[in-house]
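If you read the sequences in order, they're chains A and G. If you read the first sequence in this note's numbering, its first letter stands for residue 65, the second for the next number, and so on. If you read the second sequence in this note's numbering, its first letter stands for residue 65, the second for the next number, and so on.
Note that these hints are calculated values from the structure, not bench results. Watch out, some of these pointers could steer you wrong.
Intra- or inter-copy, both count: the list cannot distinguish identical chains.
To be verified - Below 25 Å or equal to it, Euclidean Cα-Cα: the simulated SDA-like pairs (lysine to any residue) are:
| id | residue 1 | residue 2 |
| --- | --- | --- |
| 1 | LYS333 | ALA80 |
| 2 | LYS441 | LEU105 |
| 3 | LYS441 | PHE406 |
| 4 | LYS333 | GLY271 |
| 5 | LYS441 | VAL371 |
| 6 | LYS541 | VAL554 |
| 7 | LYS157 | LEU194 |
| 8 | LYS157 | GLY466 |
| 9 | LYS496 | ILE480 |
| 10 | LYS333 | GLU579 |
Number of protein chains: 2
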Amino acid sequence: MSGNHAHGVPRGLPAAVDIYDTTLRDGSQQEGLSLTVDDKLRVAEQLDHLGVAYIEGGWPGANPKDAEFFRRAAEGELRLEHATLVAFGSTRKAGSRAEDDPVLDHLLAARTPVVCLVAKSAEWHVTETLRTSLTEAVDMVADSVAFLRAAGRRVMVDAEHFFDGYRDNPGFSLDVLRAAEDAGAEAVVLCDTNGGSLPFEVEAVVGAVRERVGVTIGGHFHNDSGCAVANSLAAVRQGVTQVQGCVNGYGERTGNADLTAVVPDLTLKMGVASIPRERLGRITTVAHHIAELVNVAPDPHQPFVGVSAFAHKAGLHTSAIARQRTAYEHVDPSEVGNATRFVVSEMAGRSTLALKAEEIGLELPDAVLGEVVERLKELEHRGYHFEVADGSLELLLRGAAGWKQDFFRLESHRVITELREDGSFVTEATIKVHVGDERVLATAEGNGPVNALDAALRKAIGPAYPALSHVHLTDYKVRVLDTSRGTEAVTRVLVDTTDGERTWTTIGVSPNVIEASWAALEDSVVHGLLHAGAPPAG
Amino acid sequence: MSGNHAHGVPRGLPAAVDIYDTTLRDGSQQEGLSLTVDDKLRVAEQLDHLGVAYIEGGWPGANPKDAEFFRRAAEGELRLEHATLVAFGSTRKAGSRAEDDPVLDHLLAARTPVVCLVAKSAEWHVTETLRTSLTEAVDMVADSVAFLRAAGRRVMVDAEHFFDGYRDNPGFSLDVLRAAEDAGAEAVVLCDTNGGSLPFEVEAVVGAVRERVGVTIGGHFHNDSGCAVANSLAAVRQGVTQVQGCVNGYGERTGNADLTAVVPDLTLKMGVASIPRERLGRITTVAHHIAELVNVAPDPHQPFVGVSAFAHKAGLHTSAIARQRTAYEHVDPSEVGNATRFVVSEMAGRSTLALKAEEIGLELPDAVLGEVVERLKELEHRGYHFEVADGSLELLLRGAAGWKQDFFRLESHRVITELREDGSFVTEATIKVHVGDERVLATAEGNGPVNALDAALRKAIGPAYPALSHVHLTDYKVRVLDTSRGTEAVTRVLVDTTDGERTWTTIGVSPNVIEASWAALEDSVVHGLLHAGAPPAG
Numbered sequence: 065m066s067g068n069h070a071h072g073v074p075r076g077l078p079a080a081v082d083i084y085d086t087t088l089r090d091g092s093q094q095e096g097l098s099l100t101v102d103d104k105l106r107v108a109e110q111l112d113h114l115g116v117a118y119i120e121g122g123w124p125g126a127n128p129k130d131a132e133f134f135r136r137a138a139e140g141e142l143r144l145e146h147a148t149l150v151a152f153g154s155t156r157k158a159g160s161r162a163e164d165d166p167v168l169d170h171l172l173a174a175r176t177p178v179v180c181l182v183a184k185s186a187e188w189h190v191t192e193t194l195r196t197s198l199t200e201a202v203d204m205v206a207d208s209v210a211f212l213r214a215a216g217r218r219v220m221v222d223a224e225h226f227f228d229g230y231r232d233n234p235g236f237s238l239d240v241l242r243a244a245e246d247a248g249a250e251a252v253v254l255c256d257t258n259g260g261s262l263p264f265e266v267e268a269v270v271g272a273v274r275e276r277v278g279v280t281i282g283g284h285f286h287n288d289s290g291c292a293v294a295n296s297l298a299a300v301r302q303g304v305t306q307v308q309g310c311v312n313g314y315g316e317r318t319g320n321a322d323l324t325a326v327v328p329d330l331t332l333k334m335g336v337a338s339i340p341r342e343r344l345g346r347i348t349t350v351a352h353h354i355a356e357l358v359n360v361a362p363d364p365h366q367p368f369v370g371v372s373a374f375a376h377k378a379g380l381h382t383s384a385i386a387r388q389r390t391a392y393e394h395v396d397p398s399e400v401g402n403a404t405r406f407v408v409s410e411m412a413g414r415s416t417l418a419l420k421a422e423e424i425g426l427e428l429p430d431a432v433l434g435e436v437v438e439r440l441k442e443l444e445h446r447g448y449h450f451e452v453a454d455g456s457l458e459l460l461l462r463g464a465a466g467w468k469q470d471f472f473r474l475e476s477h478r479v480i481t482e483l484r485e486d487g488s489f490v491t492e493a494t495i496k497v498h499v500g501d502e503r504v505l506a507t508a509e510g511n512g513p514v515n516a517l518d519a520a521l522r523k524a525i526g527p528a529y530p531a532l533s534h535v536h537l538t539d540y541k542v543r544v545l546d547t548s549r550g551t552e553a554v555t556r557v558l559v560d561t562t563d564g565e566r567t568w569t570t571i572g573v574s575p576n577v578i579e580a581s582w583a584a585l586e587d588s589v590v591h592g593l594l595h596a597g598a599p600p601a602g
Numbered sequence: 065m066s067g068n069h070a071h072g073v074p075r076g077l078p079a080a081v082d083i084y085d086t087t088l089r090d091g092s093q094q095e096g097l098s099l100t101v102d103d104k105l106r107v108a109e110q111l112d113h114l115g116v117a118y119i120e121g122g123w124p125g126a127n128p129k130d131a132e133f134f135r136r137a138a139e140g141e142l143r144l145e146h147a148t149l150v151a152f153g154s155t156r157k158a159g160s161r162a163e164d165d166p167v168l169d170h171l172l173a174a175r176t177p178v179v180c181l182v183a184k185s186a187e188w189h190v191t192e193t194l195r196t197s198l199t200e201a202v203d204m205v206a207d208s209v210a211f212l213r214a215a216g217r218r219v220m221v222d223a224e225h226f227f228d229g230y231r232d233n234p235g236f237s238l239d240v241l242r243a244a245e246d247a248g249a250e251a252v253v254l255c256d257t258n259g260g261s262l263p264f265e266v267e268a269v270v271g272a273v274r275e276r277v278g279v280t281i282g283g284h285f286h287n288d289s290g291c292a293v294a295n296s297l298a299a300v301r302q303g304v305t306q307v308q309g310c311v312n313g314y315g316e317r318t319g320n321a322d323l324t325a326v327v328p329d330l331t332l333k334m335g336v337a338s339i340p341r342e343r344l345g346r347i348t349t350v351a352h353h354i355a356e357l358v359n360v361a362p363d364p365h366q367p368f369v370g371v372s373a374f375a376h377k378a379g380l381h382t383s384a385i386a387r388q389r390t391a392y393e394h395v396d397p398s399e400v401g402n403a404t405r406f407v408v409s410e411m412a413g414r415s416t417l418a419l420k421a422e423e424i425g426l427e428l429p430d431a432v433l434g435e436v437v438e439r440l441k442e443l444e445h446r447g448y449h450f451e452v453a454d455g456s457l458e459l460l461l462r463g464a465a466g467w468k469q470d471f472f473r474l475e476s477h478r479v480i481t482e483l484r485e486d487g488s489f490v491t492e493a494t495i496k497v498h499v500g501d502e503r504v505l506a507t508a509e510g511n512g513p514v515n516a517l518d519a520a521l522r523k524a525i526g527p528a529y530p531a532l533s534h535v536h537l538t539d540y541k542v543r544v545l546d547t548s549r550g551t552e553a554v555t556r557v558l559v560d561t562t563d564g565e566r567t568w569t570t571i572g573v574s575p576n577v578i579e580a581s582w583a584a585l586e587d588s589v590v591h592g593l594l595h596a597g598a599p600p601a602g
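Bound-form chain A, shown alone:
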């Protein structure tokens, strides 16, 4: 069955590779990740916006969600400008005909230009899991590819467990690839399914396979050894021209190769083209947007796109960076749409704080800066964390410069939450506040204590400050700081707010989650009023 592939894939580093994103299929196997069809459509749009070559949309037939995704995509709900949509599925079952196979049928029904078939390419996987013969396993690949080709589909084959299988029985693993090629597959993808390979092993195997295969070779890596990105790069160095992975490295167990690292490494460090060069600057925004769509908190320490990827905290580095940016930045952050950030913390000292004050247009005398450093230290000791709360930090700095908010003055508030005997749950907040010379009482209901307090405050001061109607909370995070004491521990609340143009984060810390929430809420509103240019009341 094996053809004659005298020349193989060209040696050496390719000029360009195709990026194949599998976030919607393999990525969604990640624990804790669950996507609706709408989510999937919106993620696909983002991937297209980034400029990947292929988007694997799912496994039609494996679950109703994926079938619906392909149906709605085919019906025009997904307009791809750049990417090609791929449906994923398995080869025909052992001992049956491709024509009768329901999986292949579902793949045709998905109406995608490209189909990617997963094929068992490790001997033990065939004999132990599939429980059939090696000949039949090869025939399953050949038949299924031929069937889909005859139906007009472009076909790729994911060779599952390839690296482990090749180590034990290279002849069989290669037979699977050649069967795919001979039957008309345009690409064979070497999968490190259990993620255990190391870069030097990948180089050796890909180097050997390259001599035996005439079609495009792809690489698909998982991060179980912590080397998925390096394995992808090693594969490309050996001639792989299709790289599979997921934006943000989503995936089962430890995740798939993180495309947001692979793509910049290829482009900026290895000179290998992948997504359109001018779109590389979109990668940070797309990564964060997709994180929001799939509702997974972005990893701040993610290479290239993390909010901390170009953040500088140590005093030593910050002063060095002021002199020469490349000293501590391996690439220009703007290349990937990210930015240098100076982090304020007790370790940073006054030079960083002075930079920060300058950023918001404040000039603080040295003595005042010293006081702020001390005050920061004390607050951070109590659980505050100004690195992540730019809004509250600005108020703190302005306060140090003598500013005092005069928009309103709180007298008291009270929140009542009741589970009644009839099963209904009611929350109500009452707030007493002075706006200018006027004392205002307002009560509002809410679907939770913070929501009720927010509503009551807006009810009380909103009439005096119409600008407040453009200011909205967008996120609310709670972190328990000392986990050894359960609900008795200190609670840190972060509130994100937007006025439609700018976004700011404020912070509150207290043993009482309501008190902490109030502090963050108050800072949020004061910050919003300040930047709306609202005149102080009265």
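Here the structure of chain A is known, so what remains is to put chain G in place on it, guided by the hints.
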């Protein structure tokens, strides 16, 4: 000044390497990470327990905390059985004498057996940042090493920006290493300070350096390219015998090389000894313990030690794993003290759920299993997440089997939180509950609404169930699920509880954080009573 190093470090893979942990120095540069001296002492104990060779404790003199750490360590508060403590600092300043240098003075005052000096080893770094001559830069290294050696210290030298510097001016970078060696340093460490190197670049540079240096060569990598682990392994393949990094990959920007991946890769995949072999099984526990000490939520997807590293969700995989575990596990999880975990979710289907029921000793008929799958899907659609809430899942499964908790029946509750005019903050919860035939009313204060509710519930039902006194909440987490709607979004509360032996997690979901908290709290207590073997009341 350069010596004659004809032979260099032996070629090929070393049999063993030293692990050098810098969590307490470089790792603590991570944004959001701030350690007290007590924290540092406890982290050091954990590192020693794991069996690393060197623990870099900090930079004495750079901040008072680190000086105090070394003082208390020297005074007997830190007893290391296995590891050697290292103090970190810079070489003498340009144009001064080592004898007069305050940094070197602080290093001696730290009283550690080993000192690690950071030396500028890139030409541009010397001329641009240090603003001195290359000759003086080399002399600074030689003088400082000789001074510390004369004072009886073992000395290592971290060659900062080595890989970038070597690319531009290899002669100068090598001169720095040789100056260190000639002055008596026992190791020179090649640092990829801005983290931009790729494994094949590391291999080439280390390979060249190995020919020119006679002492131990170390490697220190940051993860800015997503390759810190692979770079460490590549360096070892070229003869590096000291690997610097941090447990859990802590560190500035994208972090340092994650030792919890490097060590298992070296041991299990490359056959290179590092920590004592029999301690490898401690690495998951130590990683999680340190995460708790430094108060950083552990990354569930971390290779080897993450809670998801050996978790299986997809239906395909779970059934395959039941047949052959190595199919989707690159190493035996018990080797690193981790475990296989089958994840229950809407994607898993009934086979996984049946496994889970079996785990808790329940036999569910097929029809009931089908109903549970449907119920799970519906609840997960509403924001529940049973993958992480084993306690609530067990109650759900038992409920499906016909069990109903009879410990107590809630009638109603009410929580009042007040910020009074005098600035005091008061929270009070009242609960009305039936225990057997008795109706009990209890009111309790707390430092927050959940704490007050917990206290009131215990006050109400505690007398009937003395076993409850051993049951304590250990963690309380809040996640806002739909971040686009701020405080109006759905809130998911997770509560961790322990009875001193077992730990369980329960869940509540509601737009109202108090309602969600109550649901998780109620499940927590019911689960505790169930496993305490408490008889139903009445």
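Inset, instruction - Can you give me the call for LYS441 and LEU105, within, between, both or neither, at a CA distance of at most 25 Å? - result: Intra 46 Å, inter 21 Å, cutoff 25 Å: inter-copy only.
Inset, instruction - Evaluate LYS441 and VAL371 at a C-alpha cut-off of 25 Å and name the case that applies: within, between, both or neither. - result: within (23 Å within a copy, 34 Å between copies)
Inset, instruction - Classify it for me, LYS541 with VAL554: is the Cα-Cα distance of at most 25 Å met within a copy, between copies, both or neither? - result: both (14 Å within a copy, 12 Å between copies)
Inset, instruction - Pop the pair LYS157 and LEU194 into one bin, within, between, both or neither, using alpha-carbon distances up to 25 Å. - result: Within. Shortest intra-copy distance 9 Å satisfies the 25 Å Cα cut-off; inter-copy 68 Å does not.
Inset, instruction - Can you give me the call for LYS333 and GLU579, within, between, both or neither, at a CA distance of at most 25 Å? - result: neither (49 Å within a copy, 52 Å between copies)
Legend entry - Up to 25 Å CA-CA - PHE406 versus LYS441, copy category: Within one copy, since 17 Å is at most 25 Å while 44 Å is not.
Legend entry - Alpha-carbon proximity between LYS333 and GLY271, which holds within one copy, between copies, both or neither at 25 Å: Both: 21 Å inside a copy, 20 Å across copies.
Inset, instruction - Could you place LYS496 and ILE480 in one of the four classes (within, between, both, neither) given a Cα distance threshold of 25 Å? - result: both (15 Å within a copy, 16 Å between copies)
Inset, instruction - With 25 Å as the alpha-carbon cut-off, assign the pair LYS157 and GLY466 to within, between, both or neither. - result: Neither: 76 Å inside a copy, 40 Å across copies.
Inset, instruction - Tell me, please, which holds for LYS333 and ALA80 at an alpha-carbon limit of 25 Å: within, between, both or neither? - result: Cα proximity of LYS333 and ALA80: one copy only (13 Å, versus 31 Å across).
Checked against the numbered hints above, the structure breaks hints 8 and 10 and satisfies the rest.
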